[in-house]
Amino acid sequence: NGVKGEVIPPYFSVKEAVFPFNKFPGVDPILGPEMRSTGEVMGTGRSFGEAMLKSQLGAGSRLPTKGAVCITVKNSDKSRAVVLARELHTLGFTIFATKGTAAAIAGAGLTVKIVNKVKDGRPHIVDMVKAGEIQLVFTTVDETRTAIADSRHIRQAALANRITYYTSMAGCEAAVEGMKHQVGLTVFSLQELHTELH
10 NGVKGEVIPP YFSVKEAVFP FNKFPGVDPI LGPEMRSTGE VMGTGRSFGE
60 AMLKSQLGAG SRLPTKGAVC ITVKNSDKSR AVVLARELHT LGFTIFATKG
110 TAAAIAGAGL TVKIVNKVKD GRPHIVDMVK AGEIQLVFTT VDETRTAIAD
160 SRHIRQAALA NRITYYTSMA GCEAAVEGMK HQVGLTVFSL QELHTELH
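Heads up, the sequence shown is in our numbering, so the first residue is 10 and it goes up one at a time.
Keep in mind that the hints are not guaranteed to be accurate.
Unchecked claim - Subject to a maximum C-alpha distance of 30 Å in a straight line, what follows is the list of computed DSS-like cross-link-like pairs (lysine-lysine):
id, residue 1, residue 2
1, 126, 108
2, 128, 83
3, 24, 189
4, 139, 13
5, 24, 108
6, 108, 87
7, 75, 108
8, 13, 87
9, 75, 126
10, 87, 126
11, 189, 108
12, 122, 87
13, 83, 24
14, 139, 126
15, 108, 122
16, 75, 24
17, 122, 189
18, 24, 13
19, 139, 128
20, 122, 24
21, 139, 87
22, 83, 108
23, 139, 122
24, 83, 189
25, 126, 83
26, 75, 122
27, 13, 83
28, 87, 128
29, 108, 139
30, 75, 128
31, 13, 75
32, 87, 75
33, 189, 128
Said to hold, decoys possible - For each label pair, taking beta carbons as the anchor points, the in silico distance ranges come out as:
id, residue 1, residue 2, range
34, 96, 169, 33 to 43 Å
35, 142, 203, 38 to 48 Å
36, 74, 197, 19 to 29 Å
37, 200, 169, 35 to 45 Å
38, 49, 131, 38 to 48 Å
39, 205, 136, 28 to 38 Å
40, 101, 139, 19 to 29 Å
Since the hints were derived computationally from the structure, they do not count as laboratory data. Every residue gets a Cβ at the ideal spot worked out from N, C-alpha and C, and that includes glycine.
Given only the sequences and the hints, what does the whole structure look like? Please build it.
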C-alpha cells in the first residue's frame with residue numbers, strides 16, 4: 010500500500026535450506042537437483058556477514074572461531090581460494106590444502122600446510138577430519154562423475170564428524186564473511202525491522 014518505488018531495507022537477510030543429510034548415513038551430501046530440503050531458516054543482520062552467520066547457526070551449522078580450515082578446490086577456483094586463505098589467515102586460522110591448492114596459496118606468499126587427497130595415501134584429509142584436526146572444509150570439484158566420486162569421502166567424513174563444509178565458492182566466500190562477525194550478534198524481531206521500512 011502506498012509504495013511508489015523500490016524499497017531498500019537497512020538490513021540484510023539470508024535464507025538457508027536445511028537438509029537432513031545426518032539422518033541418512035552413507036549418502037553423498039553434495040547438492041544436486043534431486044535434493045529436497047526439510048525446511049528453511051533466515052538470518053537477518055546489519056551486514057551480509059552477520060545475516061549469513063545467523064542463517065548458518067539457524068540451520069545447525071557452526072562456523073569455527075579458531076583452528077584449522079582445509080581448502081581443496083578445482084583449478085578454476087584457485088585464485089578465489091587464495092583470497093579466502095588470506096582472509097582466514099587474518100582471522101587466525103591455520104590453512105591446510107591439497108597439493109595444487111596449496112601451491113596456489115603458497116605462491117601468493119601465504120603459509121599453508123599440505124594434506125594428501127585420499128588417493129595420495131595416508132595421512133590424508135579424511136584422517137585429519139576424523140581426528141578432529143580440521144574444523145572447517147572448503148571443497149569444490151569439477152562436475153564430472155570421477156571428480157565427484159573422488160571427493161565423496163571428504164564430504165561424508167565432514168558430515169559424520171559434524172564438521173561444517175561448503176561445496177561451492179559462493180558458499181565458501183559467504184562463510185568467511187560470516188566468520189568475520191562471530192562476536193556481538195544482535196537479535197532482531199521482524200516487527201522491529203518492519204518499522205524501519207517506513
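Evaluation of the provided hints:
Of the pairs offered as hints, the one joining residue 126 and residue 108 holds, with about 8 Å between alpha carbons and a cut-off of 30 Å not exceeded. With a CA separation close to 16 Å, the supplied pair residue 128 and residue 83 stays within the 30 Å bound. Taking the CA atoms of residue 24 and residue 189, the gap is near 19 Å; set against the 30 Å cutoff, the hint holds. Pair hint residue 139 plus residue 13 does not hold up; C-alpha atoms about 56 Å apart against a cutoff of 30 Å.
Between residue 24 and residue 108, the direct Cα distance comes to roughly 34 Å. Violation of the 30 Å bound is thereby established for this hinted pair. Between residue 108 and residue 87 the alpha-carbon distance is near 12 Å, which keeps this suggested pair within the 30 Å criterion. The hinted pair formed by residue 75 and residue 108 meets the criterion: a straight-line CA distance of about 23 Å does not exceed 30 Å. For the hint pairing residue 13 with residue 87, the CA-to-CA distance comes to about 45 Å; that exceeds 30 Å, so the pair is violated.
The hinted pair formed by residue 75 and residue 126 meets the criterion: a straight-line CA distance of about 23 Å does not exceed 30 Å. At most 30 Å may separate the alpha-carbon atoms for a hinted pair to count; residue 87 and residue 126 meet this at roughly 16 Å. For the hint linking residue 189 to residue 108, the alpha-carbon distance of about 27 Å falls within 30 Å, and the restraint holds. Proposed proximity of residue 122 and residue 87 is supported: the alpha carbons are some 16 Å apart, at most 30 Å.
Proposed proximity of residue 83 and residue 24 is supported: the alpha carbons are some 26 Å apart, at most 30 Å. For the suggested pair residue 139 and residue 126, the alpha carbons sit about 14 Å apart, so the restraint of at most 30 Å is met. Between residue 108 and residue 122, the direct Cα distance comes to roughly 9 Å. Compliance with the 30 Å bound is thereby established for this hinted pair. Note on residue 75 and residue 24: the hinted pairing holds, with a Cα-Cα distance of about 25 Å set against a maximum of 30 Å.
Between residue 122 and residue 189 the CA atoms are separated by roughly 23 Å; this keeps the pair inside 30 Å, and the hint holds. For the given pair, residue 24 sits about 26 Å from residue 13 by alpha-carbon distance, which is consistent with the 30 Å threshold. Distance restraint check for residue 139 and residue 128: the Cα-Cα separation of roughly 17 Å lies within the 30 Å cut-off, and the hinted pair is therefore satisfied. Annotation: proposed proximity of residue 122 to residue 24 is violated, straight-line Cα distance about 34 Å (limit 30 Å).
With a C-alpha separation of about 25 Å, the suggested pair residue 139 and residue 87 falls inside the 30 Å cut-off, and the hint holds. With a C-alpha separation of about 11 Å, the suggested pairing of residue 83 with residue 108 holds against the 30 Å cut-off. At most 30 Å may separate the alpha-carbon atoms for a hinted pair to count; residue 139 and residue 122 meet this at roughly 18 Å. A C-alpha spacing of about 25 Å is found between residue 83 and residue 189, which places the hinted pair at or below 30 Å, so the restraint holds.
For the given pair, residue 126 sits about 13 Å from residue 83 by alpha-carbon distance, which is consistent with the 30 Å threshold. Straight-line distance between C-alpha atoms of residue 75 and residue 122 comes to about 16 Å, which keeps the hinted pair within the 30 Å bound. Pair hint residue 13 plus residue 83 does not hold up; C-alpha atoms about 46 Å apart against a cutoff of 30 Å. This hinted pair checks out: residue 87 and residue 128 have alpha carbons roughly 20 Å apart, not beyond 30 Å.
A C-alpha spacing of about 20 Å is found between residue 108 and residue 139, which places the hinted pair at or below 30 Å, so the restraint holds. Straight-line distance between C-alpha atoms of residue 75 and residue 128 comes to about 28 Å, which keeps the hinted pair within the 30 Å bound. Restraint check for residue 13 and residue 75: the C-alpha separation of about 47 Å exceeds 30 Å, so the hint is violated. At most 30 Å may separate the alpha-carbon atoms for a hinted pair to count; residue 87 and residue 75 meet this at roughly 23 Å.
Note on residue 189 and residue 128: the hinted pairing is violated, with a Cα-Cα distance of about 34 Å set against a maximum of 30 Å. The beta-carbon spacing between residue 96 and residue 169, approximately 28 Å, falls outside the hinted interval of 33 to 43 Å. In this structure the supplied range 38 to 48 Å holds for residue 142 paired with residue 203, their Cβ-Cβ distance being about 45 Å. For the pair residue 74 and residue 197, the beta carbons lie near 22 Å from each other, so the given range of 19 to 29 Å is met.
Distance hint check: the CB atoms of residue 200 and residue 169 are about 40 Å apart, consistent with the given range 35 to 45 Å. About 39 Å separates the C-beta atoms of residue 49 and residue 131, a value consistent with the hinted range of 38 to 48 Å. Separated by about 49 Å at the C-beta atoms, residue 205 and residue 136 break the suggested range of 28 to 38 Å. The beta-carbon spacing between residue 101 and residue 139, approximately 24 Å, falls within the hinted interval of 19 to 29 Å.
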